[in-house]
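As given, the protein sequences belong to chains A and S, one line each in that order. The numbers in the first sequence follow this note's numbering, run straight up by one, and end at 79. The numbers in the second sequence follow this note's numbering, run straight up by one, and end at 233.
For the record, the hints were derived by calculation from the structure and aren't laboratory data. In this text the structure is predicted, and so the values were computed from the model without any measurement. Among the hints, erroneous ones may be present.
[Said to hold, decoys possible] Subject to a maximum C-alpha distance of 20 Å in a straight line, what follows is the list of computed SDA-like cross-link-like pairs (lysine to any residue):
| # | chain 1 | residue 1 | chain 2 | residue 2 |
| --- | --- | --- | --- | --- |
| 1 | S | LYS108 | A | GLY23 |
| 2 | S | LYS108 | A | ASP15 |
| 3 | A | LYS64 | S | LYS108 |
| 4 | S | LYS108 | A | PRO16 |
| 5 | A | LYS59 | S | LEU58 |
| 6 | A | LYS51 | A | ALA62 |
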Amino acid sequence: MKARVTVTLKPGILDPQGKAIEGALKALGVDGVASVRQGKVFDIELSDTDKARAEAALKAAADKLLANTVIENYRVELL
Amino acid sequence: MKSAVLVFPGINRERDMARALRLASGHEPAMIWHAETALPKATDLVVVPGGFSYGDYLRCGAIAARSPVMDAVRAFAADGGLVLGVCNGFQILCESGLLPGVLMRNAKLKFICHDVHLRVERSDTPFTRGYNAGQVIRVPVAHGEGNYEADEETLKRLEGEGRVLYRYCAPDGAIDEGANVNGAAHSIAGIVNERGNVLGMMPHPENHVEDIMGCTDGRGLFAGLVAHLERAA
Numbered sequence: 001m002k003a004r005v006t007v008t009l010k011p012g013i014l015d016p017q018g019k020a021i022e023g024a025l026k027a028l029g030v031d032g033v034a035s036v037r038q039g040k041v042f043d044i045e046l047s048d049t050d051k052a053r054a055e056a057a058l059k060a061a062a063d064k065l066l067a068n069t070v071i072e073n074y075r076v077e078l079l
Numbered sequence: 001m002k003s004a005v006l007v008f009p010g011i012n013r014e015r016d017m018a019r020a021l022r023l024a025s026g027h028e029p030a031m032i033w034h035a036e037t038a039l040p041k042a043t044d045l046v047v048v049p050g051g052f053s054y055g056d057y058l059r060c061g062a063i064a065a066r067s068p069v070m071d072a073v074r075a076f077a078a079d080g081g082l083v084l085g086v087c088n089g090f091q092i093l094c095e096s097g098l099l100p101g102v103l104m105r106n107a108k109l110k111f112i113c114h115d116v117h118l119r120v121e122r123s124d125t126p127f128t129r130g131y132n133a134g135q136v137i138r139v140p141v142a143h144g145e146g147n148y149e150a151d152e153e154t155l156k157r158l159e160g161e162g163r164v165l166y167r168y169c170a171p172d173g174a175i176d177e178g179a180n181v182n183g184a185a186h187s188i189a190g191i192v193n194e195r196g197n198v199l200g201m202m203p204h205p206e207n208h209v210e211d212i213m214g215c216t217d218g219r220g221l222f223a224g225l226v227a228h229l230e231r232a233a
């Protein structure tokens with residue numbers, strides 16, 4: 001089973017990397033960019049085929065390691 | 001003072017730290033590999049040194065914070081043992097939950113590597129008793145992610161409980177945004193946990209301990225720890 005965990009900065013957390021990318025996009029003349037926030041995507045393959053167990057494992061992975069929940073939110077998707 | 005220096009893959013300041021500890025205490029520190037599950041008996045101080053553990057993959061300190069040895073460090077700290085984390089060590093202590101908050105990318109995005117001035121906020125702790133309250137010391141920083149951030153409530157608690165021990169300052173001790181090299185909240189360079197036995201700081205006191213280094217302002221931190229432990233013994 002394939003899954004994706006997306007980790008994003010919580011609203012209000014300063015993201016200097018996103019700001020730099022935003023500036024570069026504007027400098028490149030890409031129109032209509034209001035703001036950029038940078039995050040991370042983890043594509044994970046699971047040996048388990050049980051959906052509930054897989055979701056629980058992914059949630060544990062995100063809570064324990066993939067995200068720092070002080071500053072980040074995460075979203076788990078089974079693909 | 002019997003100290004233990006943790007060694008993770010990608011750490012590169014462990015020998016500087018060991019040298020500073022040896023100079024201050026006269027004892028050779030134990031070097032403890034991250035896969036160990038126990039600390040040497042009668043350890044007085046655990047030091048998490050600086051560097052780039054696991055290449056800063058995922059988040060600085062995130063993977064090191066989950067290594068087997070950190071369970072032993074958590075138990076040691078819960079028992080009242082002294083823990084010092086410098087630079088990547090500070091990041092590892094935050095990631096491991098031993099200290100609150102997080103070290104974000106420097107506000108100006110640049111890796112900074114130069115001397116800074118720090119104001120020692122109080123002298124009545126094991127980590128600062130080698131200095132006077134309000135004293136300004138000069139030590140180097142070398143980091144890309146040293147911008148300390150925490151939620152408003154945590155910051156309020158840190159300030160209210162006097163847990164900010166070191167703050168970036170101008171040479172005369174003034175706290176201003178110009179001296180705040182990485183944009184840290186409240187110019188925070190170093191904090192302790194609630195119990196006061198775990199310190200995390202971004203600057204490197206271990207790199208200013210000998211005349212040949214051009215400055216010995218970092219000595220006070222180590223001398224203070226030795227004095228504290230001698231008095232406790």
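Results of checking the hints against the structure:
Taking the CA atoms of S/LYS108 and A/GLY23, the gap is about 13 Å. The hint holds against a cut of 20 Å. As the CA atoms of S/LYS108 and A/ASP15 are separated by approximately 11 Å, the hinted pair is consistent with the 20 Å bound. Distance check on the hinted pair: A/LYS64 and S/LYS108 sit about 30 Å apart at the alpha-carbon level, beyond 20 Å; violated. Only pairs whose Cα atoms come within 20 Å are accepted, and S/LYS108 paired with A/PRO16 is accepted, the gap being roughly 7 Å.
For a cut-off of 20 Å, the pair hint linking A/LYS59 to S/LEU58 stands: about 17 Å separates their Cα positions. A C-alpha spacing of about 16 Å is found between A/LYS51 and A/ALA62, which places the hinted pair at or below 20 Å, so the restraint holds.
Violated hint: 3 only; the structure is consistent with all others.
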